[in-house]
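S.K.: Going line by line, the protein sequences match chains A and B.
FYI, in the numbering used here the residues of the first sequence are 1 to 561.
FYI, in the numbering used here the residues of the second sequence are 1001 to 1324.
Simulated from the structure, these hints should not be mistaken for laboratory data.
The beta-carbon is built from N, C-alpha and C at its ideal position, and this holds for glycine as well.
Any given hint could turn out to be false.
To be verified - Taking beta-carbon pairs under 10 Å as the criterion, some of the chain B residues facing chain A (in silico): (1) 1131; (2) 1136; (3) 1229; (4) 1232; (5) 1235; (6) 1250; (7) 1261; (8) 1269.
Stated by the list, open to error - Label-pair distances were calculated between CB atoms; the ranges are: (9) A:190 <-> B:1020: 54 to 62 Å; (10) B:1065 <-> A:495: 29 to 37 Å; (11) B:1020 <-> A:149: 54 to 62 Å; (12) A:398 <-> B:1303: 47 to 55 Å; (13) B:1167 <-> A:213: 38 to 46 Å; (14) B:1303 <-> A:146: 17 to 25 Å; (15) B:1003 <-> A:356: 51 to 59 Å; (16) A:233 <-> B:1222: 23 to 31 Å; (17) B:1061 <-> A:213: 49 to 57 Å; (18) A:392 <-> B:1065: 41 to 49 Å; (19) B:1061 <-> A:335: 17 to 25 Å; (20) B:1306 <-> A:190: 31 to 39 Å.
As the list claims (entries may be wrong) - Listed below are the simulated DSSO-like cross-link pairs for lysine-lysine, each with C-alpha atoms no more than 27 Å apart in a straight line: (21) B:1283 <-> A:225; (22) B:1044 <-> A:225; (23) B:1284 <-> A:115; (24) B:1284 <-> A:525; (25) A:410 <-> A:448; (26) A:209 <-> A:111; (27) B:1283 <-> A:115; (28) A:525 <-> B:1283; (29) A:115 <-> B:1281; (30) A:209 <-> B:1281.
What follows is the residue order along each chain.
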Amino acid sequence: MKSFTFTPINSSNSCFPKTHFPRVPIFHLFSKIKPFSYNTHVSRRAHTLPFTINCKLKSSQDIKNKGNKSVSQKIVLSEASPPPLTENDGANGGSENVPVSSKKKGGMAKKLSRKILQILSNLPLAIGEMFAVAALMALGTLIDQGEAPDFYFQKYPEDHPVFGFFTWRWILALGFDHMFSSPIFLGVLALLGASLMACTYTNQLPLIKTSRRWTFLHSPEAIRKQEFSESLPRASIQDVGTVLMGAGYEVFLKGPCLYAFKGLAGRLAPVGVHIALLLIMAGGTLSAAGSFKGSVTVPQGLNFVVGDVLGPTGFLSFPTEAFNTEIHVNRFYMDYYDSGEVSQFHTDLSILDMDGKEVMRKTISVNDPLRYDGITIYQTDWSISALQILKDNEGPYNLAMAPLKINGDKKLFGTFLPVGDINSSDVKGISMLARDLQSIVLYDMEGKFVGVRRPNSKLPININGTEIVIVDAIGSSGLDLKTDPGVPLVYAGFGALMLTTCISFLSHSQVWALQDGTTAIIGGKTNRAKLEFSEEMNRLLDKIPEIVESSLSKQVDSISG
Amino acid sequence: MIFSTLEHILTHISFSVVLILISIHLIALFLVNEIVDLYDSSNKGMTITFFCLTGLLITRWVFSGHLPFSDLYESLIFMSWNFSIFYMVPCLKKYKNNYLNKIITPSIIFTQGFATSGILTKMHQFVILVPALQSHWLMMHVSTMILGYATLLCGSLLSVAILVITFRELIQIIDINKNLHFLNESFSFAEIKYMNKRSNFLQKTSFFSSSRNYYRYQFTQQLDRWGYRIISLGFIFLTIGIISGAVWANEAWGSYWNWDPKETWAFITWTIFAIYLHTRKNKKLGDVNSSVVASMGFLIIWICYLGINLLGIGLHSYGSFTSN
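Just chain B, same shape as in the assembly (with noise of 0.2 Å):
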């Protein structure tokens, strides 16, 4: 009782405080100048939530006798948790990198969303861990895992963003409001629009047509440069994370590799995001080419993520939508 009431505050309070700094960074897009005071107060909501969801793990950890990563429930707010230290991580090392904080925040009230919504209510209550999850690996592998998910869905949103703002100036000629239509369509993500709304302003901004190629420029450059840093750092997670469920594998199931539906698409986004690193080898297939892999990373990694636990099948079947 007192667990369930814990968790519903905290729950709650990291929604809610995640909404309100969507509002806040949307509002921050319309009255540019008081822009300094408002991502003060950003910073200070996002450790809340930090804060909240920190305490949301650790009393389900305190009450179920074992690491919260046992369903999807849990790896979901595991996942929104990772983005709050995402979001952290740069305002500690006083970087002034505001559009990786524009991706993460929608980022974190998707997640926070999908977990806490009507779909997973059957999930909110503990599962018993069956015989296979009974592992120091479990730590090991699921938050690797989870941790390599959520930092290459930055990543890839970093590049879906460059894929955006490029091709709304290539059809800009042609219709804007067709291409706002359909990329509204085709993604639906806030933080497209954000984009959006951000080369917007620097069309604003800028009062020469040819300083404001050069922004675009520098501002697409710099997304690219952040999503390949990012890319890489979510690789490292995703093969640290992939070899330790193989080991573990190999304990359980007698086989460190069984093409299991789950284990054959964690390797596809491997093998994905393998194909970007290379990409960036080669000058002459250009950042486009790169941002269009990682954009397909992105729906790769919720296909792995979420798609697969959708259909329930295979040995990973433990964390599927319908428990039973």
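Pulled out of the complex, with its shape left as it was, chain A reads as follows (with noise of 0.2 Å):
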């Protein structure tokens, strides 16, 4: 038994110490070192081997591979503690689609539960799934969603199918008027997420504990069978080790055998992209299930209560105490550019409790929302409620504006003002039309254009013998509200998404070398990133210096010693 120990190399610095290999007998202390054990594939040695070997390193690649490093060596700690996180995390995972069954009945029930795992984790299954999911979604956007039956009855008849079969019945009887909620393509989702969980734990889970295990090939024959393979005369297996270690590889080493490896991360990241996906798509079923929305108009100056607005959207949606609180619109206005058009609307909202007591107040507007005890407040839409105008310094009178055109986003309001008798049948008035809160256009009697008026500007207008002044144009705020219990989960998997995804980009690249008298045979492959590889090493090795028959004698006593 023996320990190895290898000291901080600057792999820039091309001078490397000859064959010698520089002990230090103390290191300073890093949390990454640990002492771990062994599991050797070829040899039959039962006991452990206790290696201490410090990797420290201060090369300009050991800073790049920083984040890859951190995350392996977190492996390294959990291989130290025995009872490995990992497999809580499998207990977790494949609990919710298989033991449930298995619980009541003995045998058969686990046997049928292992056979539907199978075939659940089939890896030509689940890309069929996902072929079935993309094409539903475009069939879902060709269709158009959510019309009336007319709709379909006129678009696809009968007489006229679509590619000689399909028509309105097809689309009525498989709910692909409402593809996203539609029985088959959430049974499709939820078949894929079956397939995600039975892969997870039975594919992905197992590879992290195997992957953990390091092994050694101590036959040539085997190094030689890699995808990339080499044998360098004259060189010792140390300097491999340390040029390795330059290159940002952990290395280990035992007698004439060396193992090293670089980017296990990156092997065990898809684990992590399954997991997060599978939280995404049970944060979304929460969302489905739980959440309350609702919208409502409210002109300047009015109040509403929230659970009035809200409304469940599924089975697991619980109104909360936070549903009493009424909320009061201070205010509402708009920003426009120099040219005249929208850029901004604003309201001012303030949260008043029970007792009629401000809690919050706030000036949302798009993009910003309000958030408060779970519900969420969004500023999506506006319109005009009413003009104030005063009539021959009368009033002032409140017109309320209708709606003229409200698709797309040139809106336009407008209101009447009678003149004249009102009870007549024939009423003749003033027309007021206003595209938003900032101009308000007037017409005569006979509909003749009159002119332009600001709110605000107390610059009175004559019409046929009336003096109009607009005092202002009253604008009302659409909200949206809705409370989401299933954000967090969906939030939480959209990061770690990110993350592991990112990871996952990472090779994982294992070398082997033995020592063969002289000559040492290295041997590496890698799982992404084959192309870099073969370079790296071609350069890796081109940087092992060459042994002087005098040192090697001594270096192989040493090993041997």
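Both chains come to you apart, so use the hints to assemble them.
M.R.: Here's what the structure looks like:
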């Protein structure tokens, strides 16, 4: 039993200490250094070999690989503590779909559930499911969603079927008029989710266990069989180890064998990707089943109660205390560009508790919602509710505005001020139109254009002998309200997904080397960056110094001794 | 006024430089000996293009006051800027990765040409940002999405090239002319023609049929490996882009997923490339199948990027061809 020690070596410095391996008796303590046990593949020795290997490097590559390293070290840590955390994860992930039935009945159910697992975790099946989901989604965008049945009768008539068979009967029978909530689509998604769980449970979690095992290869043939292999005459594997360490590899030495790896996180991260996707799916389900949604248009100065607006979306939607909250719209106003177009709209909201006391006040705008006790209030829309005018210095009167055109960005509102005898059958009056809160266009009794006035300008306008001052245009704010218990879960999934997909880009590279006399046989493989790997290996092997005869014998001595 | 002149100058310089680069690449195909000098000049040319496009984006940014991602024209310019980055990165890292460059150069000319062509002239003026777009998420979401599209397009084009080479091999026996005609018709991309020529070139240079097959195998394998790496990278960008879009939607519209057509197609693209990554896992499914999937992804990106805007439906309609 022996402990090898690797000391800090600056790999950017090309002059290595030739064949001499400097030893430093005691290291600085790093948390990452742990004595750990080997599971050797080939050797039959049952007892563990305590090795202390210190990897401390200060090369530029090391800094680059920092992220990678810190993750792989975590794995080393879990190796050191026998009941690894990952197995707990496995139990959680698996218990959702599998063992419910197996608890009730003994062997039969167990066998069945195993069979189901096997089928579900089948990769071609999963690929087929993904294709199916993609195809259904594409179909869902091609067919107009959420229309009345009449629409489909006309668009997909039976006498002119699309592609010779596709009529409204198909659409309505399969629920493709509401594709994204149709049982078929949700069923395929659920199946995909089940596959994801099964695959994570049966293939990926065991992968964590196996990839923690470092295996040494003891035969030159096995090493030569690797995707990349090379024999270096007159080289020592210690030098190989040093060079590899300089390139950010974790290096393990045992007798004449060397094993090195890098980017283990890249192999394990796909597990995380799948778990993150499951989180998102769970969050999405919770959102769909447990949300409240509603929208309301409130004129400036009025109140509404949250609970009156919100409506449940699913069977898990339960109202909370916060639903009694009353909300007061203090003010609604818009910002404009110089060209006169709307740039942003704002609503000043006050949240009042049961006693009418203000708890919170915030001005919301599009992209800046208000959050209070699980309820989120979004600014989504606006309209003009009333015009406040003075007629011949009397008033002010409030004239209700009616929407004349509301679709699209260009809205139009109008109101009418009767002049003369209101009770006569042929009422005439002044029309006022507005596109926004900025300017009001006025027309006389004949419908001719008279002029444009801004609210607050106090500039009177005379129409057919009536003097009118527009005091104010009162807007109303279109608000969307919702509660969504799934959001934290989905956001957690999003964060995990982003992180793990990025880590998945790392390539897990493994290198084996064997000292065969004076020759070092080196082989290696990687799972993703195959081109870069062979380039990197060639570059690294060029750095390995050739051994002069005399010092080699010393080196061999020191190994065997 | 100054702006429009500046914009004109920059677009025209970048477009003509790329045009020259393409001719250089084509010449390099026929006069193989002079290749070294020409490659050097093509790198310089791409640097010029890169700076022109950067300048174009910056001037638009300065003069419009918001990030240049707000409409299709700007996003296309941004896309060709991304392509030029992809061209330059391997050059800086001293990779001899010529086929990637061959694919990128025509891609730039297509996006650039499309952006500056007559269809989109209306959109050359600035658009004002509608309230929903006024968010910091705009930069994060649109830039990662377009970066993702550009990366995935590069990667899937490599897969298309693999398919062309493999199927050429198969169909060659039956009918060469018909095959060439079919390929040119169905893909009509300069880079595909190039790939055909490239494999021709390989045939010419190798004197023994066995070594020819070996070269071709090695070549497709290299293409495949590069394609895989590039698509994995693009997949990361696409994931981040979709997620940032979802988070933004939750801020602006009150729901992180609306099944809006653009969203749905972005998700379809994501699914297709997820399938690609999974087919790579299974040795049985082989290279050709994964290339087929990636080529499907190529079409789907275009549907997602342009097709949905063409229809002008959904919440992402501000990037449509017919503004108003």
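S.K.: Please go over all the hints and tell whether each is borne out by the structure.
M.R.: To see whether the hints hold, each was checked on the structure:
{"no.": "1", "hint": "1131", "result": "holds, 4 Å"}
{"no.": "2", "hint": "1136", "result": "holds, 9 Å"}
{"no.": "3", "hint": "1229", "result": "holds, 6 Å"}
{"no.": "4", "hint": "1232", "result": "holds, 6 Å"}
{"no.": "5", "hint": "1235", "result": "holds, 7 Å"}
{"no.": "6", "hint": "1250", "result": "holds, 7 Å"}
{"no.": "7", "hint": "1261", "result": "holds, 4 Å"}
{"no.": "8", "hint": "1269", "result": "holds, 9 Å"}
{"no.": "9", "hint": "A:190 <-> B:1020: 54 to 62 Å", "result": "holds, 55 Å"}
{"no.": "10", "hint": "B:1065 <-> A:495: 29 to 37 Å", "result": "holds, 32 Å"}
{"no.": "11", "hint": "B:1020 <-> A:149: 54 to 62 Å", "result": "holds, 59 Å"}
{"no.": "12", "hint": "A:398 <-> B:1303: 47 to 55 Å", "result": "holds, 51 Å"}
{"no.": "13", "hint": "B:1167 <-> A:213: 38 to 46 Å", "result": "holds, 43 Å"}
{"no.": "14", "hint": "B:1303 <-> A:146: 17 to 25 Å", "result": "holds, 22 Å"}
{"no.": "15", "hint": "B:1003 <-> A:356: 51 to 59 Å", "result": "holds, 55 Å"}
{"no.": "16", "hint": "A:233 <-> B:1222: 23 to 31 Å", "result": "holds, 29 Å"}
{"no.": "17", "hint": "B:1061 <-> A:213: 49 to 57 Å", "result": "holds, 53 Å"}
{"no.": "18", "hint": "A:392 <-> B:1065: 41 to 49 Å", "result": "holds, 46 Å"}
{"no.": "19", "hint": "B:1061 <-> A:335: 17 to 25 Å", "result": "holds, 21 Å"}
{"no.": "20", "hint": "B:1306 <-> A:190: 31 to 39 Å", "result": "holds, 33 Å"}
{"no.": "21", "hint": "B:1283 <-> A:225", "result": "holds, 18 Å"}
{"no.": "22", "hint": "B:1044 <-> A:225", "result": "violated, 43 Å"}
{"no.": "23", "hint": "B:1284 <-> A:115", "result": "holds, 22 Å"}
{"no.": "24", "hint": "B:1284 <-> A:525", "result": "holds, 20 Å"}
{"no.": "25", "hint": "A:410 <-> A:448", "result": "holds, 22 Å"}
{"no.": "26", "hint": "A:209 <-> A:111", "result": "holds, 24 Å"}
{"no.": "27", "hint": "B:1283 <-> A:115", "result": "holds, 23 Å"}
{"no.": "28", "hint": "A:525 <-> B:1283", "result": "holds, 16 Å"}
{"no.": "29", "hint": "A:115 <-> B:1281", "result": "holds, 22 Å"}
{"no.": "30", "hint": "A:209 <-> B:1281", "result": "holds, 19 Å"}
In terms of the numbered hints stated before, the structure departs from hint 22 and from no other.
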